[in-house]
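Trainee: For reference, the chains in residue letters:
Protein chains: 2
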Amino acid sequence: MPVGLSEPEVLLPIAGVRWGVAVAGIKYADRNDLALMEIAQGAATAAVYTRNAFCAAPVTLARQHGSATATRYLLVNSGNANAGTGAPGMKAALESCAAAADVAGCNIEEVLPFSTGVIGELLPAGKIRNALPRAYADLSADNWLKAARAVMTTDILAKGVSRQIEIAGKTVTITGITKGSGMIRPDMATMLAFVATDAEVEPVLLQRLLQQAVDGSFNSITVDGDTSTNDACVLVASAQAGIAFASETDAGYAELAVAVTEVLQWLAQAVVRDGEGATKFVTIDVQGGGDEAECRQVAYTVAHSPLVKTALFASDPNWGRILAAVGRAGIDSLDVDKIAIYLGQVRIVLDGGVDVLYTEAAGQAVMDEEEITIRIDLGRGSAQAQIWTTDLSYDYVKINAEYRS
Amino acid sequence: MPVGLSEPEVLLPIAGVRWGVAVAGIKYADRNDLALMEIAQGAATAAVYTRNAFCAAPVTLARQHGSATATRYLLVNSGNANAGTGAPGMKAALESCAAAADVAGCNIEEVLPFSTGVIGELLPAGKIRNALPRAYADLSADNWLKAARAVMTTDILAKGVSRQIEIAGKTVTITGITKGSGMIRPDMATMLAFVATDAEVEPVLLQRLLQQAVDGSFNSITVDGDTSTNDACVLVASAQAGIAFASETDAGYAELAVAVTEVLQWLAQAVVRDGEGATKFVTIDVQGGGDEAECRQVAYTVAHSPLVKTALFASDPNWGRILAAVGRAGIDSLDVDKIAIYLGQVRIVLDGGVDVLYTEAAGQAVMDEEEITIRIDLGRGSAQAQIWTTDLSYDYVKINAEYRS
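Sequences listed follow chains A and B, in order. The first sequence begins at 1 in my numbering and counts up one residue at a time. The second sequence begins at 1001 in my numbering and counts up one residue at a time.
Watch out, some of these pointers could steer you wrong.
[Unchecked claim] Mimicking DSS-like on lysine-lysine, the simulated pairs with C-alpha atoms at most 27 Å apart in a straight line are:
| id | chain 1 | residue 1 | chain 2 | residue 2 |
| --- | --- | --- | --- | --- |
| 1 | A | K170 | A | K27 |
| 2 | B | K1146 | B | K1027 |
| 3 | B | K1338 | A | K398 |
| 4 | A | K170 | A | K91 |
| 5 | A | K127 | A | K146 |
| 6 | A | K146 | A | K27 |
| 7 | B | K1027 | B | K1170 |
| 8 | B | K1091 | A | K338 |
| 9 | B | K1338 | A | K91 |
Hints listed in this document are in silico derivations from the structure and should not be mistaken for laboratory results. What you are looking at is a predicted structure, and each value in this text was computed from that prediction instead of being measured.
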């Protein structure tokens, strides 16, 4: 079950953004699996996509269509990733966008497609075309939670969050939803995330804001180390709150940037909390590095170690596995005698070996918690990095052994 | 259960090498957990060790003691890795070597220590000292299988093999044993492997032979991507077969090198076949690469993907996961339209998408086998690399969640 996560009770509407959902019957029976986001004219849209070389047809097409100012609709389906589908997959993505453009009365270039689900099966564009009129008729500012549910695959809970801040006497609202549970080591963004604010943000600035917010959120999580073919994160600024930002030095922009980053970080952590089979939410905090890159390298090596992950699942303070993972992380000239490793506040490793003050009982108390921080001090600099991950449980194997059956 | 592996029926003795075993009671009750190899004077010894920065005390000490011509005893224990144990661990390793030197009447520098088992617990040197006289009294040329059993930890089967070849009218014998099942992504060697031949090989040449043989064997396997703190592989040339090699151009040397490599490859593959929770033996064969390094990078990315591994466990031809792993392997300027992927002889991916001739039934037939080859043609050069790995099963999680309990 998800770790410290529940479904949002309320997701605040964003003026200028509406969602509609429908049952297209792509893979799941009797549940919404199609979501259409409408973006009012005058909004700006930024997006980041997977760096997986085998990116899916919708990602290729969304990159082509993507325009900072002319994007009017996001068309999202679950149950089929339309990845590894070659030329027929691109044709299906185009047909889906064309169908949305027909229903909405816009140009096909104004529609960005997003797909998530099983890889390697052709997207049934006909089913999407049939369902689109119902999704369009359903468009409403209050449908964020319905959209969050429609885009789920192996997710257990719908994931979304809202923030409101006051800037110069104006109320600015940010709402975001995300989906993702497995194949999670985002390299640009997670599977799918859609975030909107009613502030007005100049397009180039909006793209930079998204990129910076993604680095400390979706690009800092991992469930299983597998970067998806379909990762995408979209940030819309609908320009309806009566406040505009054109530069990073504008009054109030810093507050907006912090709030947007918090929303993305909350969403990214929610993906980990709902990670496939997760029973633990684990923060890996690497400090004292020569640069941020080596801190991240150590953090991901520990986070991806099947032995560390199974020890976390077992609530076993088997810190030797953490130490072994740090040692194999490939850091040049690593002096193990300077490394300290902590479980929560408990120091376990000092001077290359177990801390003489460490007791198994103290380590066990930390590991018994659902939320665990592993802190590694490399003792060779002042850089740091933090990532979030899960354990590796029977249920991860079960979910992924049975995914297509 | 191990995949296509059974215990050796016979391991041929090597003149000049004797093994003795004993019950030291380090972790396991009522089973041999101490093994002592005696190497006759006149032999040469080569060794390679883990590159894990947190290498264990015995590895550090064996590197210090290691001499190509003066090594007389290998002292091996299971049940405790003596890793992450700092200065007390080094003291325990020294005490163990001193005890062996006392019993055998040699210098402490002539003894190399090897430990395998749980990380982070202090090696009980007193128990080893107590058991050493019994191991010494047990020394015999016929004890290879007993030694293979004594060094096991989570291994299900003892692993060993012998080869005999005729060179210039002389019979040359090679026998090797290995242990290892989890924390297996050797970076020099696997957990522990001990190989001996009765040929005479000049020490520098012997070290080169070992290094070359290791690259295509122990350095080409992975179970879980976790490089151990204790990896070590030792090759002894006892110089008792009446044939000597001083250079790679010597007549018959090529045959010897092939036979030694075959022994190491058999042992390395045996570690994978007996990998923790393994139900499949998987060969990943990457071809058409720009260089060997990128072929290995792709192969290991696929081999370490939890999603590929769980699909293998489920016998699910979910090739989309293979494609996604290739796509995230970090290869510069990868042109996915040139990539072909095969399951066994069945081509599944061509031109960036599923091969139009591919059928699920054909893929399923390959995945139903216990031994599976995944072949990836990158279509950008002539380099290739081959590695061997396992699937990821419930039992892997179970074994590693319960290891210390």
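Trainee: Against each hint, give a clear statement of whether it holds in the structure.
Mentor: For each hint, the structure was consulted:
1. Pair hint A:K170 plus A:K27 does not hold up; C-alpha atoms about 44 Å apart against a cutoff of 27 Å.
2. Note on B:K1146 and B:K1027: the hinted pairing holds, with a Cα-Cα distance of about 18 Å set against a maximum of 27 Å.
3. For a cut-off of 27 Å, the pair hint linking B:K1338 to A:K398 is broken: about 34 Å separates their Cα positions.
4. Note on A:K170 and A:K91: the hinted pairing is violated, with a Cα-Cα distance of about 45 Å set against a maximum of 27 Å.
5. For the given pair, A:K127 sits about 20 Å from A:K146 by alpha-carbon distance, which is consistent with the 27 Å threshold.
6. Proposed proximity of A:K146 and A:K27 is supported: the alpha carbons are some 18 Å apart, at most 27 Å.
7. Restraint check: the Cα-Cα separation between B:K1027 and B:K1170 comes to about 44 Å, which exceeds 27 Å; the hinted pair is violated.
8. As the CA atoms of B:K1091 and A:K338 are separated by approximately 20 Å, the hinted pair is consistent with the 27 Å bound.
9. A hinted pair counts as satisfied when its Cα atoms are at most 27 Å apart, and B:K1338 with A:K91 qualifies at roughly 20 Å.
In summary, the structure is inconsistent with hints 1, 3, 4, 7 from the numbered list given earlier, while agreeing with the others.
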